[in-house]
Amino acid sequence: MTFFKYLFVALLSLMSLSAFADTEIKPTQQPIDTWYEEKMAEETVSSTALMREITYQAQVKWEAEMNKVYKRLMQKLTKPQQNTLRNAQQQWLKFRNAEGKAILEIVSAQQGTIHPLSGTHRGMQLVRHRRLELISYEQEFEN
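Mapping of the sequence shown onto this note's numbering: position 19 corresponds to residue 19, and the numbering continues sequentially without gaps.
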């Protein structure tokens, strides 16, 4: 089981990098990524149910970080820019919810214990990517 766990973590890491390779973020390894990889590599993580719980916890962490970045970014923007970002974020939240439903019905509903984990990971990646996208907007103010 340990070999498969390490293989799974490695595959998830590669999927994370390749899925969002077009988004240039500094630094590439985020603290939540490190936390996630360390938790998934623990010897006590021996079931896909526990892996799914850790993945969900990471998603919650990404959501909290996304909200912090959003609020910080809003403070740097002009009123018209704030309105634009607010609208974009509302549309993104609708997309996230719709995509979450699609993931649930297409991926997570498949037979076997790995599919719900894969679905949870996809949901986490949605939020992770949005947080990183907001960071890239924020970095525009540093240039």
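For the record, the hints were derived by calculation from the structure and aren't laboratory data.
Keep in mind that a hint or two might mislead.
[To be verified] With a Cα cut of at most 25 Å, we get these calculated DSS-like pairs of lysine-lysine: (1) Lys101 with Lys79; (2) Lys39 with Lys71; (3) Lys61 with Lys101; (4) Lys79 with Lys61; (5) Lys101 with Lys76; (6) Lys79 with Lys68; (7) Lys68 with Lys39; (8) Lys71 with Lys61; (9) Lys61 with Lys94; (10) Lys76 with Lys61.
None of these values were measured; they are calculated from a predicted model.
Going down the list of hints, with the structure as the test:
1. Lys101 with Lys79: violated, 33 Å
2. Lys39 with Lys71: Violated, at roughly 28 Å.
3. Lys61 with Lys101: Holds, at about 20 Å.
4. Lys79 with Lys61: violated, 28 Å
5. Lys101 with Lys76: violated, 33 Å
6. Lys79 with Lys68: holds, 19 Å
7. Lys68 with Lys39: Answer holds: lysine 68 to lysine 39 is near 23 Å, not above 25 Å.
8. Lys71 with Lys61: Satisfied, since the Cα-Cα distance of roughly 16 Å is no more than 25 Å.
9. Lys61 with Lys94: holds, 20 Å
10. Lys76 with Lys61: Holds: lysine 76 and lysine 61 sit about 23 Å apart, inside 25 Å.
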